[in-house]
Amino acid sequence: MSAGQKSFLKRLADLDRRLIYVSLIVIVGLMTVAPIGLPLKISGATRLAYETVEKLPSGSIVLFSLDVDIMGWLQGGPQAIAFLQHLFSRPVRVVLIGWRPDSEMLILKTLSKVDSEQKNYGTDYVNLGYVAGGETAMSAFATNPSSVLRTDYYGTAITNIPLMQDVKGAKSISLVINPNTGSPGAVEFIRQWRIPFGVPIITSQPPMTVPEFTPHVQAGNLIAALPAIRSSAEYELLIRKPGLGIAAQDAVSLGSLALLVYIVIGNIGGFLMKRKEARQ
Amino acid sequence: MPLAISFVVGILMIANYFTTSTLLKDVARNAQTWVVIISTIALALGVANLTVLHGRNIRSKGSNWYLSSWLLFIMYLTIVLGVGLSTSNAFFRLIYDNLYLNPYNAVVTLLCFSTFAAGYRAFRIRSFETLAFLVCAAFVMLTLAPIGEILWDGIPVIGSWIMNIPSVGSMRGLMFGAAVGLIAVGIKTLLGIERGWLGRREKA
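If you're matching them up, the sequences are chains V and F in order. Numbering follows the numbering used here, with no gaps: position 258 of the first sequence is 258. Numbering follows the numbering used here, with no gaps: position 32 of the second sequence is 32.
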């Protein structure tokens, strides 16, 4: 093998990482500024979650438990916004709560991104903020909400909030929607709400953790476990409110394709180099 | 004493989960309320611990003491603003968004670059297993991205099969193993055999 050939194959198998970084910046930047608008198919799980919310009777109480942390906000945030936007477009009542320290501020952030003009605070929705205590607090709330908090996030006594008069625990809740990254989250809801009280649960998770929850979906403990980034785009299409989820899809698509191309290039270079060296 | 308390409370909570006794439920509800209160106090304990740790570093001008100063300054600033003005206050949210949320997300997105470079170097086919791993990873990645179904209709079909059948099957096995292990650890903790949670005692 000539020195030139060896050098080319070596470069192929060992690309300068600056080339990889620059190409990634160019791809993601271009797709953000000038998206192609790749078509998106709606998955069965997302459609099932959407139809579950659509079929809720008027006046149902939904627990929207935002258990996404700061690190997972980029993935779980668009899905949480899409869920809440859908809930606010339906004649259902929403109790917003979180069991992680970051939940409080992220609930405010989510509320600021949805259209809540048609909804009245206190009768149509209430923000309970962060409740400390993890799974124990979730269990206590399921039996007696006033045992874990006396006021909502804004300091109003829950006895003075009309919606909370109808929330006697898990038995009053028609559906739990839980955008989640980590613990406490969907697993704790299954243990403390689904199994003892039979409350249906929809969750969204980072894509790499969805296989952990698929057994629960197949066992009937969860209605759906949605992979956050992809399902947020699908959900935005279903509710006809394009947002961050759809905006990210082109970048995700081409970024994934670019990674696979680099992997193939690296393997081709490495394979050809080994073969040539073996012949010599 | 701590072992006796953990045994009694543990048995109480297990019995509460599996029975419908009203008396047990009332007692368990009280215990749960105590845990919620203790958890809240634990947050304050965390603040005190950080203050002691970083205060010591600042006093002794240890490594990166200026970063410890910044940490304590920002921590107490947000505590004072949050308690004094409330966390819904615009200034508090300005600090939260611009000094915590956005910088944190920026650091997280930097991981994307190192993941790319690491994926390029790590995914080298050296055996049949690595080839199978790479093929499965490729199908799953393209299933989760819209471009997969554009390239070929079969990609989402195969990718979904991989995610729903072999992946879930092995995850189910892992979950059973973890659950059995958790039960064993729980029983050992209740019976006082497992004492790591009590903390270490210094030998005299």
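The set of hints was computed from the structure by calculation and includes no laboratory data. Note that the structure is a prediction, hence the values are computed from the model and not measured. Misleading hints may appear alongside valid ones.
[To be verified] Covered stretches of chain V (chain F as the covering partner; in silico rule of three or more C-beta atoms under 8 angstroms from a C-beta of chain F):
| hint | stretch |
| --- | --- |
| 1 | 31–45 |
| 2 | 55–66 |
| 3 | 92–100 |
| 4 | 127–134 |
| 5 | 169–177 |
| 6 | 264–270 |
Positions of the beta carbon are idealized from the N, C-alpha and C atoms, including for glycine.
Status of the hints after comparison with the structure:
no.	hint	in the structure
1	31–45	holds (count 4)
2	55–66	violated (count 0)
3	92–100	violated (count 0)
4	127–134	holds (count 4)
5	169–177	violated (count 0)
6	264–270	holds (count 3)
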